[in-house]
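Engineer: Sequence:
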Amino acid sequence: MFVTLPILLIILIFTFWFLFGGKNSNKDSYKNSIVTSDSSSNDGSSSSGFGNYTPPVSSSSSDSGQSSEDSSSEPSSEPSSEPSSESSEESSEPTWSMIQLVGRQLEDVQQDGEVTGHITIDSNIEFVYSESAAQGEIIWQDIAVGTPLEKGATVRIKVSCGSRYVVIPDWEKCSQEEYEQKLNELSIPYKVEKKISTDYPSGYVIGTDHMAGTKDDLESGTTITIYVCENNQSY
3 MFVTLPILLI
13 ILIFTFWFLF
23 GGKNSNKDSY
33 KNSIVTSDSS
43 SNDGSSSSGF
53 GNYTPPVSSS
63 SSDSGQSSED
73 SSSEPSSEPS
83 SEPSSESSEE
93 SSEPTWSMIQ
103 LVGRQLEDVQ
113 QDGEVTGHIT
123 IDSNIEFVYS
133 ESAAQGEIIW
143 QDIAVGTPLE
153 KGATVRIKVS
163 CGSRYVVIPD
173 WEKCSQEEYE
183 QKLNELSIPY
193 KVEKKISTDY
203 PSGYVIGTDH
213 MAGTKDDLES
223 GTTITIYVCE
233 NNQSY
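Numbering (my numbering), first residue to last: 3 to 237.
Simulated from the structure, these hints should not be mistaken for lab results. In this text the structure is predicted, and so the values were computed from the model without any measurement. Backbone N, C-alpha and C define an ideal beta-carbon position, used for all residues, glycine too. Check before you lean on any hint, since a few could be wrong.
As the list claims (entries may be wrong) - Simulated crosslink set (DSS-like; lysine-lysine; CA at most 30 Å straight-line):
{"no.": "1", "residue 1": "LYS217", "residue 2": "LYS184"}
{"no.": "2", "residue 1": "LYS175", "residue 2": "LYS193"}
{"no.": "3", "residue 1": "LYS175", "residue 2": "LYS197"}
{"no.": "4", "residue 1": "LYS153", "residue 2": "LYS184"}
{"no.": "5", "residue 1": "LYS217", "residue 2": "LYS197"}
{"no.": "6", "residue 1": "LYS196", "residue 2": "LYS184"}
{"no.": "7", "residue 1": "LYS160", "residue 2": "LYS196"}
{"no.": "8", "residue 1": "LYS197", "residue 2": "LYS160"}
To be verified - Restraint-style ranges between C-beta atoms, simulated for each label pair:
{"no.": "9", "residue 1": "THR200", "residue 2": "ILE127", "range": "27 to 37 Å"}
{"no.": "10", "residue 1": "GLU152", "residue 2": "GLU174", "range": "53 to 63 Å"}
{"no.": "11", "residue 1": "LYS217", "residue 2": "GLU174", "range": "39 to 49 Å"}
Hey, can you work out the whole structure from these sequences and the hints?
Structural biologist: Put into structure tokens, the structure is as follows:
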């Protein structure tokens, strides 16, 4: 008993301290840990915020940065003092292109409003002989088809006056007026001589100094003489 009783007493004291004294120390240490964590968190919040949160940039600096970006990104609304190159090109750009005149009759072209409303035919028209083009047909133009032109531009042309070799027409049963018209249509130069004859009515052609049906070279400058009947007889 003297050995066992002290041992039991020591066990009881140790157990009592563990049950009651240890809990209080644990509570105090827990309270200390809470206070320590709170104080550390409070100290951290005063310096760097909660956790990893980064404090925002001041409103004045952010606003100034935003305004500078907006001003640089927005296009200027002020009108440009320099004229637009596109508008100047459009204003000077021709609106009509040259058309084909070759192969058309001069008279038809002169009466065509599509032509006369955009260009001007040069009044100094050159008439040339042509073996392939009919008389009055345009055979040349100095501006190519499709060339852009300003309104009223002058175009030079050449017109065929027919073949230089023509056949002298028959004069039989033709009055002076009728035969002269035939020669004029062929551009054959002529002159008239009156002859007294009782074989034909007065005013009718009785012959020429060139045989009818033969070819005459208009470039030779030859003039045909027409003989016209003159008498006092009536038929």
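Engineer: Determine whether the Cβ-Cβ distance between GLU152 and GLU174 falls within the hinted range of 53 to 63 Å.
Structural biologist: 56 Å, holds
Engineer: For the pair supplied as a hint, LYS217 and LYS184, is the alpha-carbon distance within the 30 Å limit?
Structural biologist: With a Cα-Cα distance of about 15 Å, the restraint between LYS217 and LYS184 holds, given a limit of 30 Å.
Engineer: Within a Cα-Cα threshold of 30 Å, do LYS160 and LYS196 meet the stated pairing?
Structural biologist: 39 Å, violated
Engineer: Compare the distance between the alpha carbons of LYS217 and LYS197 with 30 Å, and conclude whether the hinted pair is satisfied.
Structural biologist: 25 Å, holds
Engineer: Is the gap between the beta carbons of THR200 and ILE127 within 27 to 37 Å?
Structural biologist: 48 Å, violated
Engineer: With the threshold set at 30 Å, check whether the alpha-carbon distance from LYS175 to LYS193 stays at or below it.
Structural biologist: With a Cα-Cα distance of about 19 Å, the restraint between LYS175 and LYS193 holds, given a limit of 30 Å.
Engineer: With the threshold set at 30 Å, check whether the alpha-carbon distance from LYS153 to LYS184 stays at or below it.
Structural biologist: 41 Å, violated
Engineer: Need the status of pair LYS196, LYS184: alpha-carbon distance at most 30 Å?
Structural biologist: Cα-Cα ~19 Å, so holds.
Engineer: Starting from the range 39 to 49 Å, see whether the pair LYS217 and GLU174 falls in it by beta-carbon distance.
Structural biologist: Check failed, 19 Å falls outside 39 to 49 Å.
Engineer: Would you check the hint for LYS175 and LYS197, treating anything up to 30 Å between C-alpha atoms as holding?
Structural biologist: With a Cα-Cα distance of about 16 Å, the restraint between LYS175 and LYS197 holds, given a limit of 30 Å.
Engineer: Taken at face value, is the distance from the CA of LYS160 to the CA of LYS197 at most 30 Å?
Structural biologist: Measuring from Cα to Cα gives roughly 41 Å; hence the hint is violated.
Going down the numbered hints, you'll see the structure goes against 4, 7, 8, 9 and 11, while the others check out.
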